[in-house]
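Asks: Residues per chain are reported as follows:
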Amino acid sequence: MQVGLQHYLVVSALLFATGLLGVIIRRNLLVMYLSLELMLNAANLALVSFSRFKNSLDGQVLVFFIITVAAAEVAVGLALIVALYRKRQSAHVEDLTSMKL
Amino acid sequence: MSILTYISGWPLLAALLLVFVPANYRVIIRFVALVATFISMALAICMFWHFKAGQTGFQFEQQVPWVDSLGISYHVGVDGLNVGLILMGAIVGFAAACCSWEIERREKEFYILLLLMTGGILGAFASLDMFFFYFLHELALVPTFIMIGVWGRGERKNYATFQITLYLSIGALLALIGLIALYVQMGAHTFDIPALIKYAQDPHNSLSLKAQNFIFPLLLFGFGILVSLWPFHSWAPLGYGSAPAPTAMLHAGVLKKFGIYGLIRIALPLLPQAAQGYVQIIAWLALGNIIYVGFVAMRQRDLNLLVGNSSVAHMGFIFLGIASLNLIGITGAVLIMVAHGFLAALTFALSGYIFKTTGTLEISELGGLCRKLPFIGTALLMAAMAGCGLPGFANFVGEATVFFGAWSQPALHTATVLAVWGALVIGAVYMTRAIRNVLHGPLPQKFNQLADAANLWRKLPYALLLVSLFLFGCFPKLLTDKIEPDVKPIVTMATQARAGVLPVALNSTPAISN
Amino acid sequence: MNYANLPWIILFLPLAAATVIALFTLGNRTLSALLSIGAIVTGFILTVAFIAGNGFHPAVSETSATWLSIGTLQADFGLKLDALSLMMLLIVTGVGGAIHIYSFGYMHEDRSMARFFAFLSLFTFSMLGIVLANNFLQMFIFWELVGVSSYLLIGFWFEKPSAGDAAKKAFITNRLGDFGFMLGILLVWGLLGSLNFGELAAAMKANPAALGTAATAAGLLVFCGAVGKSAQFPLHVWLADAMEGPTPVSALIHAATMVAAGVYMLCRIFFLLNADALHVISYVGGFTALLAALIAVQQNDIKRILAYSTLSQLGYMVMSVGLSGETPAMFHLTTHAFFKALLFLGAGSVIHGLHEEQDIWKMGGLKKHMPITFWTFIIGTLALSGVPPFAGFYSKDSILGQALAQHDYLLFGVAVFVAGLTTFYMFRLFFVAFLGEPRTEKAKHAHESPAVMTGPLVVLSVLAVVGGFIGITTIYNSQFTPDAEKLTVAQQLLEPLHNIVPMLLGIGAVAVGLFAAYTLYGRTESDPLPAKLGGLATAMKNRFYFDELYEATFIRLHDGLAAVADFIDRWLVEGLCIGFIRGGTDLSGRTLRLLQTGNLQTYAFLFTLGVAVVLYLMLGK
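Those protein sequences? They're chains A, B and C, same order as listed. One gets our numbering by counting positions in the first sequence from 1 and adding 1 to each. One gets our numbering by counting positions in the second sequence from 1 and adding 356 to each. One gets our numbering by counting positions in the third sequence from 1 and adding 848 to each.
Keep in mind that the hints were calculated from the coordinates and are not lab data. Just so you know, not all the hints are guaranteed correct.
To be verified - Cross-link-like lysine to any residue pairs, in silico, SDA-like; alpha carbons within 20 Å at most:
no. : chain 1 : residue 1 : chain 2 : residue 2
1   : C       : Lys1215   : C       : Asp1149
2   : B       : Lys833    : C       : Gln922
3   : B       : Lys728    : C       : Arg877
4   : B       : Lys802    : C       : Lys1008
5   : C       : Lys1008   : B       : Leu722
6   : C       : Lys1290   : C       : Glu957
7   : C       : Lys1290   : C       : Phe1278
8   : B       : Lys815    : C       : Thr873
9   : B       : Lys513    : C       : Gly1427
10  : C       : Lys1380   : C       : Trp1209
11  : B       : Lys728    : C       : Lys1008
12  : C       : Lys1008   : B       : Thr734
13  : B       : Lys513    : C       : Trp1419
14  : B       : Lys802    : C       : Glu1007
15  : B       : Lys728    : C       : Ala870
Since the structure is predicted, the reported quantities are computational estimates derived from the model, not experimental observations.
Chain A on its own, in the form it takes in the complex (with noise of 0.2 Å):
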């Protein structure tokens, strides 16, 4: 069986299906970090599967491009979340409904 375009896509419907439903249904602050950034990378797979597919770089490079600022990402939400935890002793958003700290 040759491994096309569907297979990639599917998997990465699927990664993003998997994030979609941690970021609506877990409480916890860190899984939903998590799970946002499974979504994320099944946008990368996307985009790298299609790129591989249509024999053009456009889309890796976008994928350099989400990965540099997904890492930045990554350090501002995981130092507020930590600071949060830190203030609030808890990382579920039922305890963080008010927007005052």
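Since the structure of chain A is already known, use the hints to place chains B and C on it.
Replies: Chains B and C only, in chain A's frame:
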């Protein structure tokens, strides 16, 4: 640079300057505001003096292109229609700044907003470009809401703020839609009003009746709401009743005239056929202002509400003048615009003073104030008399001219009769009642310690407004000679396209008897 | 000397005085008074000088400057100088000057004397403006200005609630008349295209039917102005209340000059009145004369009696105009100005001497204490009653003659009857207030007024004696009937003999009235009439309930309409419409708020759902 740019520029510049002045430098803040408005007033007087009467067309013009692709340019100039308005606005602006001594908290912010209002509305009146015309008016309008909300008085303050904000925003929005529709429909690709008028003078370019009948009501009611046209008037007395005196002075006196000015300047010449169709409707709505609101004024128990209602009632005469669609009527309407500006500012300044000294505006609690407040009392008496159309004050000239104008339109005979009743009888009833209960009669014990406007400085704003009323009341030619030549072309345009194609609206309105 | 400028100076002097007093000398009572008096006395002297130089028909009869000019609306500020206006000028400045001087004494105790004289000068200016106006709009302007001066002066003692109410009432009632006046002006302007009296007269002369079917309406509408200002029925109710003002004001404004402005105006625009309008005018005048005379019979306040008498005499004048007799009307206006001002000033002197007592039943025996006032008052009474050879006899006789000449016997009868009534109520006043024994302590200690007050009384009483035969009719005739022959003083003295019937009937009526007054009031301590007349006397005392009637109808109606409008504003516009919009917005806001849980994950879920729906719609087909 045109003198007009300076007239509206100084207050705006001063507002900008005040941003950088620390809030506790109260004397400096006041000083800057007074100087800026004073310069603006002095320049306006100078402009009025040098304005050449008897000429058609714009003077002191300046045009700077801005957005060429849309045809927007900074274009200012004066003709007979706005020369009086700018003079009046600048004088009222200075008087309002003088009266702002009553503000005691957040003075810096108040003066910034006041200067924005003054500069904005003067700029709007000077603008000959629809974009700036509208934009500068909005610039002046928004501070009104904030000022009523923050510095207002009375328990209905918040409600009043909501109502005035909603009404005026809706009005402005309708007018905006109308103006944009006008721009699109004309297809002249310019926001420049003189250019648009010139363009429309070519019969091939005039708008179709359908387009006119779509746009005119938008402008009429949009601008009408801004001028408290009946039945969209209820924001006005309430808002003015709750507003701090300087805000009420500027809004009722100057800002409100924007709507009528827009109607005369834009709607009448560009949408003549629709305007002709709406004549009867405008006349009857005007009677709503004159008679109905006059009756409402009779019932008021609060001096400020009474004055506010009477101010709304006066708008009716202006609309009646517009409805007459002839030289005399529209000249009269412009006259009243100027006269009423001075008068409204005067009355609100006085009621502000009375509120400040007595702590109440309940008519039943006041009385005999003439004894303790001879200057303020006399000024209020004069204002009340001017309000019921006493000759010698500018309002009489305007109202009488409107009556003559409306009378020469046979379709408006009934309306004129009722309007005369409103002016001479209803106005006299509520004004003399107010005088009787506020100024005459015995002085309540608790007011034995009241202090009159003591020094010249305190008397200045009132004296200034009174002198203006007297000046134009005794020498109306100062204004009419300037107004008349520029009303003429508007009337010609508004009445030329009479032939055959009368719009549907006229047929659907029952024709009233002669 | 350039005489042409004199009328302008005469007109503006009082205004200058009023302005100077208001702006600078409010603190200085005497200086203010002198300024005001100086302005009007100078005005009188200049008037005399002008007439001496130019006669009653100056070569330049009109000077004007454009005041307002918009398209076809041309209004001048101009002066019309003819016998009519010059005579009025003399009356206003002459009688007015005497009253100004008198006021200096009368108001001496008042702390607001400066303000009083400022108002008085403002009034003089406005009145001169009416007299000199050469066009309708200018006349209307000054018409309103005298209205407001009258308002200010009636409400001069504004701390008294009754004065404030009276001022308000006078102003509004006058405004009702002005409403008609303004409409009349509009109508005439609309049809004839001019406001200038001269041009209007020429247009009417060229084409008497120029007003077409609107002629009667135009005449009557303009007449409305006179009804208001001259307090004719049905707008007569304000004049009696106007007596709340200081007495010199009553004399000047509400007897001699302002209330006569209506009659003057009718004579000025006489050419506009057609036969139907004149008919109505004459009957309104006659009815007012009768009504007011009846009311006067049962009043007890000395000033109110005189006020109703003024009403009644004004009725005579209006009736005379209606009977096409401008000369008799203006003649009576002139003599009436003399003797009514005299009577009011005399009454003021009495009130002054009795320390603000106005009830005639609390007076009595004043002859001893106030001789000058007594003698001048009796001259005024005789003149008003129409006893020969006093001024009132001649002018009243000419009106009676006019009625007979027009063959209007009903009005003639009314006029004769009113003449009798006039004598009756005036002598009732005279007997009760001046003769007999003092009825109160105040009356016992009455004192004569100072010379500054009695001086004007003497001057006016001289005029009230000789006013009938010094050539006043000649001057008016030169305006209205230029072909009438000029009479010498002796001829004028005997003039009534030419028309014996009205003279005899007039004198007869006076005799009957005098006799009745003497029998009833010659020596009495209380009023015998109520017992004799019963209900009629009560009605007369209560002024035939007109105030109550208006209160119940007109005022109620306006208050009711105001209540309705206020209700609509408060409940329908503000409550229902705005409330509905506000409520609707509020409700939808509350409903939509339920979707905003504030939970991030719900938003994410809904967002995903939305994307899914969009994707399905776009790709699902």
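Asks: Hint by hint, which ones does the structure fall short of?
Replies: none
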